[in-house]
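Q: Residues per chain are reported as follows:
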Amino acid sequence: MILSARDVHKEFPQPGEPLRVLRGLSLKVERGETVAILGASGSGKSTLLALLAGLDGPTRGSVEVAGRELSRMSEPELARFRALNLGIVFQQYHLLAGLTALENVSLPLELGDAPEPEARARRALEQVGLVDRTGHFPHELSGGEAQRVAIARALVVEPALILADEPSGSLDASTGEAVMDRLLELVRSNGATLVLVTHNAGLAARCDRRLELVGGVLR
Amino acid sequence: MRARAPLALRLAWREIRNERRFAAFFALNLALGLSGFVALAAFKGSVEVTLDERSRGMLGADLELSARRPFTRAEEAAAARGAGPGSVALSEVLLPSMIAGGTRSRLVEIRAVGPEFPLLGEFRLGDGGDRPPGAAAARAAEPAAWLAPGLLAQLGVEVGGRVRIGRTDFRVADVVERDNGSGFAMAPRVYVGRSQLAATGLLQHGSRVTHRRLYRLAPGSDVERAAAEVEAGLPDDEVRVRGHRDAAEDVARVVGYLSAFLSLVSLVALFLSGLGCAYLFRRFLFRRLREVAILISLGASYARARSIYVVQLVLLGGAAAAGTLVGVALAAPWVPRLLGGALVPIHVAPRVGAATVGVAVGVALGGSLLLAWPALYRMHALKPAALFREAAHPLLAPRWWGGVFYLPAVLLYWGLASSQAHTWEQSTWFALSLAAAGVGLGGVAWLGLRSLERLRRARPLSLRLALRNLERNRGAAAASFLALGISALLINVVPQFRSSLETEVERPDASSIPSLFLFDIQDEQVEPLRSHVRAAGRELVQLSPMIRARLNAIDGERIPPPGAGSGEEESQRDRMLHRAHNLSYRPGLSGSERLVAGRDLRGRYDPDSGELPEMTLDREFADWLDVPLEGTVEFDVQGVPVLGRVVGLREIRWSSFEPNFFVQFQPGLLEDAPKTHLAALPPMDRDAKERMQYSIAREFPNVSAIDVSAVIGRLLGVMDQVRLATAFMAGLSLLAGAVLLYAIASHQAAERRWETCLLKVLGAGFGRVRALVRWEFGLLGAAASTLGAAAGLTLSATLAQRLLGADWNPVWWTPPLSVAGITVLALLTSELATRRVLRERPLALLRHG
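From first to last, the protein sequence lines are chains C and V. Once you know that position 111 of the first sequence is 111 in my numbering, the rest is easy, because the numbers rise by one and skip nothing. Once you know that position 119 of the second sequence is 338 in my numbering, the rest is easy, because the numbers rise by one and skip nothing.
Keep in mind the hints are simulated off the structure, nothing from the lab. From the three backbone atoms N, C-alpha and C, an ideal C-beta is built for every residue, glycine too. A portion of the hints provided could be inaccurate.
To be verified - Some chain V residues near chain C, calculated using beta-carbon distances under 10 Å:
1. 524
2. 606
3. 1033
Whenever a hint applies, use it, and build me the whole structure from the sequences.
A: Here's what the structure looks like:
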């Protein structure tokens, strides 16, 4: 099992009663599996992804990725773990504006002190069909291209787990479709595991498993 | 394989390249703040090196003995033993005197030298010859004098002509163009042979005479050891022994006072630039938070993300330091002119040495990192999880206690002020004054900006929107306000203070300042002098006896031997304790002093009363001595102990130029002590004054007459120099303020692109949008400079009244001019900063978002 979340609660303090977003959520994902998580706006999808990525901690419960409990790691350990074991694709790409496509892709490798960052980043860009855009800056890329760079960045470390947050949410329908095709194809060919957050039922249908986040738990 | 730079360095460098505007503003702002401070550090360093190199020439000897009395044979023998075999000695006498030539006279310093003169150092006569006055005077058939160049014109004589010194006529042998070994002189120097001095009749009891014995040691001698040996052989601490390095230190101390003042003023520019840097970096970092969050989500630790910005700060701080050093090196030839030859006794151009580089780099890097630290520290509160939210932009909410993190930067600043000031009290007062000015101006700005809420119905629309913008961005507006306000304060304070001083000099009729100040009047000359003055229709006023004495004990505790203290403050106190003091006696207070504690003296002293004689002290002098009211002080008057009890403390207005004394005894105690008298002559026109000066010089050659207006004129010259240097520092502050304003204006223009675009879409023309910006920054500049100028006027009035006791006489054109100048600068700066954004077409804005 690559991912295990057990009895996860997440509350946010606010005046009066705290806001309870996750209420005892549990999730298990096997290696190589693709899982879609559906949910309405405000249902807690983003909060769940942040917890799975170790970018936030649960109020109660535990999250294990590749056999390691995230909340037990120190901040520097968690950072290094994230660099080498997790790939994240954001809805809004979140590329670093000052770096070229190649530099953006090689960044997780460099942060994890992995060998040959540049050559591996170039191969990852080849996989997403952007080898001719290596020297381009994010503002010189179209939305679809920027998201493909983000996918290459997520895949370049050959992560155990890829977390994707509405990867086609900022793209038009046909570009979004093409990007998703490429993402799923690469995930499967690399034997990676994908947790995809979306509210697009059609997209979710292409994953191995579909779960819906309602009332702070997965169904 | 090509070696790659560390990731933090590469990312930092990339950010600097991509954020050129921020990088340029940050480095420029820091460099502007640093430049005045570093230039002065370079100057001080060069002065120290130069003094070290030239100290022998400046003293004109290796070793000097000086005393206010002739040396005994035993002392001369002991000094010769300490100086060692092969040393050469020169005896000389220095004293102030009047010199008369033609129909004019003036005060000079007579330097009567032995035939061995000069021992060391450069000495050049007017015709290029180097016939030493000592040897030539010894050979001359008639008395001869060598004059400082300016004296020929002032006295109306030429080389070969005659001047009268005391009772003797001297032939003017030549002018002395250069004498490096002359040290400081209170008046132009006149050189005569020592053997000719006796005939002048100037050497009388109580005359202000300094006897010097200078030694040139044998080559290879250890000067400090010799000085110690000479000192050990001279038990009387009235004889002062100095090596040439000690003499250089005395010069360095004088230079130090000036550079300390200017360094503190330059720290104002550094403060403003620090304010700007902190603001710029905070805005920059908060703009980069999204990217920081991305980095962290990709696997960078918080420490690593922070290290990218630390590296950036190091690079930018280094660039600012390098730019400053290049600027200082290029400006080096002009710095002595700025500091003024009148203020600095040696010509030194600043040299950028290792110490200066260290100061520049240390302050630039330390300052950058400490000013950025609060924002960097807050980075740990960043939540990268916000990246998963729509329209995500991670934010850091401000914390009310966030200001605490600026404490290390404040401490660094205070440390810098302490390193420049002579005492920690000075630096603390400086820092507190600046903080008070900052809090005052900032507080007024803040309250003013809050009150803008009430002007929601202001017209026209551009003004209303501008007020709304100011109110919304109170932090940025208050920072700009502070920078411009403090610049206006600096620009105004010195000229206003100088104007008050100038008025005191230029209106002698309306002033109580005397025209001539007479000293060295012997007991038996008092009545003849009074008659002489009366014959010219004048009255001798404020006749005051003066008795020279040394401190024996304070409150029963003996004065420790000289050199017991270490550090600047203790050394000052040590010098104060061991110098000769002038005592006087009079029945009551003079018009220029007032009692601030205790009571006034009660009539004449009755030796049969069984009580101690009463005395009153100047309050600051009492503070220095650390003697309380009702405490006792014992003086040594010509070997006789005189013990007195302090019954009152006085505050003296020294700027009155009336005879006043730190120590006043009751009459009835010191009348029989050896003494001289001081007196003043009331205000009179220039011709009458010159005639009176000349006639006194003829009839009473040993009596010296100081032209008080000339002294104040010299003070004005010093003030002019200080004004110039301060104006330069104020200019740096203003430039730093303008850079900050530019950064704020361009940043706000960028932030308001959408609003500007919307205004245009809704029908606002370019002119109206530009008017909005003009209102906003014009109001800011006008309000800040008005308040700053008002603060400058208030401060100058306080200084004029407290330091000069003078009426405040402001220069009314300076405040409006500074307000207009700063307002125009604010308008131009904002215009430049926002032009690009304001000219953008609304469609383009909509397209690019």
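Q: Each hint should be assessed against the structure and marked as holding or not.
A: Against the structure, the hints:
1. 524: Hint holds; residue 524/V Cβ to chain C Cβ min 9 Å, cut 10 Å.
2. 606: 6 Å, holds
3. 1033: At about 48 Å, which exceeds the 10 Å cut-off, the nearest Cβ of chain C leaves the hint on residue 1033/V violated.
When each numbered hint is compared with the structure, a violation occurs for hint 3 only.
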